Structures are given as structure tokens and as C-alpha cells.
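Enquirer: Each chain is listed here by its residues.
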Amino acid sequence: MTVTPLLKRDYLVKLARNGRRVDGRGFEEYRDIKVETNVVSKAEGSARVRIGNTQVLAGIKMDIGEPYPDSPDSGVMSTAAELIPLASPDFEAGPPDEESIELARVVDRGIRESELIELDKLCIEPGEKVWVIFIDIHILDHDGNLFDAASLASLAALMTTRVPAERFELGEDYPLPLKDPPISCTSVKYDKVVVMDPSLDEEDIAEARLTVATDKNGDIRAMQKGLNGSFTVDEIKKVIKASIDNGKKIREQLYKSVGK
Amino acid sequence: MKSDVKLFENGRRLDGRKPDELRKIKIEVGVLHRAEGSCYLEWGNNKILAAVYGPREAIPRHTQNPLRAIVNARYNMAAFSVDERKRPGPDRRSREISKVISEALENVILVEKFPRATIDVNIEVLDAEAGTRCAGLTAAAVALVDAGIPMRDIPVACAAGKIEDQVVLDLGKEEDNYGSADLPVAISPRTNEILLLQMDGHLTVEEFDKALDLAIKGCHIVSEFQKKAILEKYRHIPKEVG
Amino acid sequence: MGVEKREIVIPGQFLDDIKRNKPGRGTFVENGKIYAEVLGVLNKNAGYINVVPLKGRYDPVENDLVIGVVLEAMSSSWLVDINAAYPAFLHVNEVPWDIEFGETEKYLNHGDTIMAKVLQVDMEKRVQLTLNDRNLYKIKGGHLIEVEPSRVPRVIGKKGSMISLLKKYTRCRIFVGQNGRIWVDGNDEGVEKVIYVIKMIEREALSYGLTNRVEVLLKKDAKDVR
Numbered sequence: 000m001t002v003t004p005l006l007k008r009d010y011l012v013k014l015a016r017n018g019r020r021v022d023g024r025g026f027e028e029y030r031d032i033k034v035e036t037n038v039v040s041k042a043e044g045s046a047r048v049r050i051g052n053t054q055v056l057a058g059i060k061m062d063i064g065e066p067y068p069d070s071p072d073s074g075v076m077s078t079a080a081e082l083i084p085l086a087s088p089d090f091e092a093g094p095p096d097e098e099s100i101e102l103a104r105v106v107d108r109g110i111r112e113s114e115l116i117e118l119d120k121l122c123i124e125p126g127e128k129v130w131v132i133f134i135d136i137h138i139l140d141h142d143g144n145l146f147d148a149a150s151l152a153s154l155a156a157l158m159t160t161r162v163p164a165e166r167f168e169l170g171e172d173y174p175l176p177l178k179d180p181p182i183s184c185t186s187v188k189y190d191k192v193v194v195m196d197p198s199l200d201e202e203d204i205a206e207a208r209l210t211v212a213t214d215k216n217g218d219i220r221a222m223q224k225g226l227n228g229s230f231t232v233d234e235i236k237k238v239i240k241a242s243i244d245n246g247k248k249i250r251e252q253l254y255k256s257v258g259k
Numbered sequence: 000m001k002s003d004v005k006l007f008e009n010g011r012r013l014d015g016r017k018p019d020e021l022r023k024i025k026i027e028v029g030v031l032h033r034a035e036g037s038c039y040l041e042w043g044n045n046k047i048l049a050a051v052y053g054p055r056e057a058i059p060r061h062t063q064n065p066l067r068a069i070v071n072a073r074y075n076m077a078a079f080s081v082d083e084r085k086r087p088g089p090d091r092r093s094r095e096i097s098k099v100i101s102e103a104l105e106n107v108i109l110v111e112k113f114p115r116a117t118i119d120v121n122i123e124v125l126d127a128e129a130g131t132r133c134a135g136l137t138a139a140a141v142a143l144v145d146a147g148i149p150m151r152d153i154p155v156a157c158a159a160g161k162i163e164d165q166v167v168l169d170l171g172k173e174e175d176n177y178g179s180a181d182l183p184v185a186i187s188p189r190t191n192e193i194l195l196l197q198m199d200g201h202l203t204v205e206e207f208d209k210a211l212d213l214a215i216k217g218c219h220i221v222s223e224f225q226k227k228a229i230l231e232k233y234r235h236i237p238k239e240v241g
Numbered sequence: 000m001g002v003e004k005r006e007i008v009i010p011g012q013f014l015d016d017i018k019r020n021k022p023g024r025g026t027f028v029e030n031g032k033i034y035a036e037v038l039g040v041l042n043k044n045a046g047y048i049n050v051v052p053l054k055g056r057y058d059p060v061e062n063d064l065v066i067g068v069v070l071e072a073m074s075s076s077w078l079v080d081i082n083a084a085y086p087a088f089l090h091v092n093e094v095p096w097d098i099e100f101g102e103t104e105k106y107l108n109h110g111d112t113i114m115a116k117v118l119q120v121d122m123e124k125r126v127q128l129t130l131n132d133r134n135l136y137k138i139k140g141g142h143l144i145e146v147e148p149s150r151v152p153r154v155i156g157k158k159g160s161m162i163s164l165l166k167k168y169t170r171c172r173i174f175v176g177q178n179g180r181i182w183v184d185g186n187d188e189g190v191e192k193v194i195y196v197i198k199m200i201e202r203e204a205l206s207y208g209l210t211n212r213v214e215v216l217l218k219k220d221a222k223d224v225r
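Chains as they are written, first to last, in numbering that gives the first Met the number 0: chain C, 0 to 259; chain F, 0 to 241; chain X, 0 to 225.
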């Protein structure tokens, strides 16, 4: 059992009222982001992302399976996240809990709703055989903002994925057909201030959380509000603008790290 | 199972190794921020991350031992670590491996110093290619040292096996698939006591003696990698300022 | 001037024979030989061989001053996290307030921080704390920093030299608990500087001449401010 001392909360709030964060960042400033790709040889694509001390590994596996009846000529994608006890003293072994399910679903939605993966190009025999893409997210070190780290790791992994056609005697391997990636940016609110890329201490005292995925045109492709606190309409608008701005920078870095 | 591939020819193995040669090993210490001790290990194409939490009070209470700490190792394979995607979560194989690794580690940890506590050792296999239990135990031992856990020794593991009637050290992927025996062994290198031993396949008593001897020799080589990595991390000397 | 290093030893490492030296803290004896039981720094003192641990949880010792965070208020005591393997107990008799049965949470509750003293550690490692002494109280305001408990002597410095330096140049109030928790209060810049320096001490704790290096750094910064 870990406990956050109330005075840490009070100190963070006091700093926030003076316009500061405990690690010296601006309210809309991210920690250092590092993206490493092709880190797992067994995966069709993989990436390890660090945001500050937070570390997430995403791996892509592909297989052949049946399409959904309502979309017989589309490939299938599925996203799972594991909050393994390696990553935090508070994570327990066992089946996925609400937290890991929400994490996986938010990442999934960002990718699905932006139509990043061109699923219609992943049909092998309509109604019978299509490519199935498994995105598995492994949290390695939890120091806050798993949403953005998990989403970025998944994108980088997908962007380096090669469809294993040879293994299934379907010709040569080829890169997974993708459109432009949506970038997720997460903000939290505590004591009337909204900060982006929350550290664990900030997440611990957060009242509300908002994740916004935006595309390269600055359009919104997925959102998720979490926790029992609330945002004002103005705060939401400000968060969207900051998410678009940060999204641009992160997208550039992502392209660079996957060699595009 | 027999294959058409020759696993051993002209004194060399498929990947060019000699019979008593290990795959390449790389060990890094203290790689995670949250964990109290951690280790990243590459062994051939295996990639393993180990993290230690504790000693901390065992919860729920009925799991506590009033006289000593429980060592709770958890071996887990990432879904993407194998050729065909593995369903997340523990299966019978990973539970068994977790058990034998816990028992091996418990032997050297001074558990009597921490009554009612648990020492949690998480082993994540990120990339798997033959010999993950040995690599996992080896990484876990380093993470325990990094967490400041009191121990009588730093345990270490290595396997030997048999391919084409030849006893060899540290089976690789094809050797594991098509070889005729595998013998993973963990020892306390200071005393050469055996902490973990499993065997599957077919060995004559003479072959077993030879394989065990070879595995122990392998353990001692891996042990040097462990020690070097730990000392390198903590020998770090800052440059004088001004 | 180079920086000398201290000798690092690892678990199971042979240190000496019991005929020549006595086994001290952080060691164990097998067949007349002394071995290290933890990762640490070798220390020979008055015929004893000790290993001072580099990592690991706080090992409570009677009379240590510690900073605790309340986990739970129970009917006649509190459960307090002190960064050790086990939570500690603070009994209502060990606080300076008159508390009626069942009213513990009015005084201290989940998340409150206290400066306490280790009263007793029993064979089963159960720890009792007390607030009945000078300078022990519930802490309000300020910030908490956490370091490896083994680094505490370095943060304090010889006869408090490091802490005095920090207080002098940052004008912060600082209290260092033996359990690796450090409480700081002052203006935002001061606290930020204390955090920076303490993280530096934690990184470089193994080298000699650290106090001088910290002073150089604090002085340089002080000039920048002027």
C-alpha cells in the first residue's frame, strides 16, 4: 500500500498558484520523450517509449483470422494493455482491471477512429480470411501519463510493422498500410489549474483528466475524459488547442524516430 | 523430434558456436525508476526485464509467514515475445517456472530477516528464444542485489543440453526445438550448490554428468557478467567539479 | 584533484577470516569466513568488518528520528508508513494530545505527515513510534523529498556540514529523517535548489569531496542571483 502525503498535494497546489510545477516545467510542457523502434525481434513491429521516467513497450503481432460479419472485407485489430506489477508497487498480478481496460480502449479508439490502419487493404478472402492485428501494450515503469506513452508506443510500433505474408505463404512481407497517425495528449486538472503530461505525483492529486487525439490537420479524432472532477468549457477548449500544438511536435519526433 | 537440419557439424553448431560456448550476454543494472531494484538482460535473442519490490508486509495477512519472508517470483511472457501471439496472463507453464524460480531464489535470500514480509520479483520476458527461465533467474538475481536484499550469494542459471549425441552448453532456438535433451541448472556460484534443476529429453548417466558439469561451468561464466554489471553500475565515480 | 572511490562489495563476497576480524553489520559467517550479505561499501572499524548498504529499505533503529505518513487511524493507534519493510504503530499514549476512544482520526488521519521517533523495535520487527519528545509533531506545509535511506548520512554531512550549507544558501528549513524522507520549506526557488542538490548528493554519494563540490555549486548560484 502506498500513500501520497497530503502535504505533497498542498505543495503542488501552492506551486501551481504561483504558476509553477515541481519539476520546473511549464503547464503545457512535456517531459523529454524518447522513441526506440524494433526492440523486440519476435514482434512484427515494436517500440519502447519513454516520457520522463515512464516507460512503455508496445508490440504488434499479426495472424490470419475471420473478419467480423458486418465488415467481411476488412482486417481486424485488437488492443490489450497489461499493468504488470513490474511497473509500479501498486499494480497487482491478475486479469486486466478497469484501469488497464480503459487504457487499452482509449489507445484503440485513437487508432481506430482516425482510420490509421487501412483495414480494407488487409482482406485476404472476403468473408473468410483477413489479417488480424494485435496491439499489446506492456507498461514497464509507471511515473505518470500512461495514456500518451501507451498511445505513442503503439503508433511507433505500428509504423515499423511489416505484414508477415511470407510466413503464411502469401508473398513477400510488406509494410503495414497506414494513414497519418493521431497523436494523443493528456492533461489533468487539480485545484483549478490544468497541466499537460502529468507526472505521477500530479496524477495522484488530479481531479479530472482529458485525453485528446488530434490528426495532422489539427482535427480531433478521439477524446476521453476521466476521473470524478469536472472541466469548464473554456478549459476544454484550451486543452484542445494545447493538444494540437503539442501533437504537432510529437508527430514530428515520431516520424523522425521511425525513419519517415 | 528429428529434423533435416544438421545441428552439429565439424565441431561447430548451427550458429557457429563451439560446444562449450555461450550465446552473447549483456546485463544492465538499475534500469527502472519505480522498482526498488531492476535489471535488463539480453542473452542471445532473449530480452528480459526483472524488477524487485520489497521486502514489504505480505497482504492479505493469511499469506504471511511469522518467521520469514516469502519470495514471490512471477515469470511472465509478453504477448509479442513469441512467434505465435501468446494470450496475456499466466498459464500453467509460467506458473511452474515462477514456482521453481521463487524456490531457487529463496534459498540464498536471508528470508529470516524479514518475518511476515514478501519480496516480489517480477520477471518479464519481452523477447523469447530458448532458455528464458535461466535468463529470467539470472536477471532476477541481479535485480535483488540492486534492491539491497540481503543474500548469501548471487544465484545464476545456465542450461546444457544434447544435440546429435553431443553435449553442448546453452541451447539456441533450433537446438531447443530439435535437440534431444535440455538441462537448465541454477547454482549458488560460491558453493556450487544446485538451486534449480530440470531435465527433459534423454541422457545417459555419463551424458548427464557431462552436461551438469558443463552447465555449472556456464553458470560461472554468466556469474562474472552479473558481478561486472553490478560493480560497473555502482563504481561510477563523478568527475571533480571546479 | 581526482576523486577516490570506496570499495564496493556484493552479496556472497569473501571479506576476511574470523581469526583476523570480527563480523559486523551487513555480513554473515560461514565455516569461519566472513562474507558480505548486501551490496554496499566495505568499512573496517575497531576490529569489525561492516558492509554499509547502498540500497534497500529503511531498517528502523530505536531513537531514530523519522518522517512518517499516516496510513490509517484505528481506534487506539495509527498505522504509519515509515519507508521500512513494515508499517509502524503510533499508540494514543505516545502522542501529546488527550484522545478519547475512537477519536483518533480527528488528530491524525490518512495522508498526514509526522516527525516521529522510533520508540521500540521488537524481535518480529514490529515498530512503535512516539511523538512524546521535543520537536516531534504533525508537519504542516513544505514539501517532502525521498532519497535512498542509505544516503541519509551523506545528505546530513559530517557533523551536519552538508545540511548547514544547504540551509545557509537556500534559506530553507530542512529536516532529514533517518528513513530517507526529507522535509523542506521555504520559497519556491529555495526548495527547487534543495531538491536539485539532494538529487546530486544521491547520485554522487560515493565520492569524496562532495561537501566542497556542493558548496562551490551553491556559491556559484548565489552569485548568479546577485
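A portion of the hints provided could be inaccurate.
[What the hints assert, rightly or not] No more than 30 Å apart at the CA atoms, straight line, and that leaves these computed lysine-lysine pairs for DSSO-like:
1. F:Lys216 <-> X:Lys32
2. X:Lys32 <-> C:Lys13
3. C:Lys33 <-> X:Lys198
4. F:Lys112 <-> X:Lys167
5. X:Lys32 <-> C:Lys7
[As the list claims (entries may be wrong)] Covered stretches of chain C, as calculated for chain F (at least 3 residues, CB under 8 Å):
6. 20-27
7. 30-42
8. 139-149
9. 175-183
10. 217-224
11. 250-258
Hints listed in this document are in silico derivations from the structure and should not be mistaken for laboratory results.
All figures in this text were calculated on a predicted structure; none of them were measured in a lab.
Where is the CB? At the ideal position from N, CA and C, for every residue including glycine.
Enquirer: Would you mind marking each hint as holding or not holding in the structure?
Expert: Each hint, compared with the structure:
1. F:Lys216 <-> X:Lys32: Roughly 24 Å separates the two Cα atoms, so the pair holds.
2. X:Lys32 <-> C:Lys13: 56 Å, violated
3. C:Lys33 <-> X:Lys198: Holds, at roughly 22 Å.
4. F:Lys112 <-> X:Lys167: 41 Å, violated
5. X:Lys32 <-> C:Lys7: Violated: Lys32 (chain X) and Lys7 (chain C) sit about 47 Å apart, past 30 Å.
6. 20-27: Answer violated; 0 residues pass the 8 Å Cβ test.
7. 30-42: holds (count 5)
8. 139-149: holds (count 4)
9. 175-183: Violated - the segment 175-183 of chain C has 0 residues with a Cβ nearer than 8 Å to chain F, which falls short of three.
10. 217-224: violated (count 0)
11. 250-258: violated (count 0)
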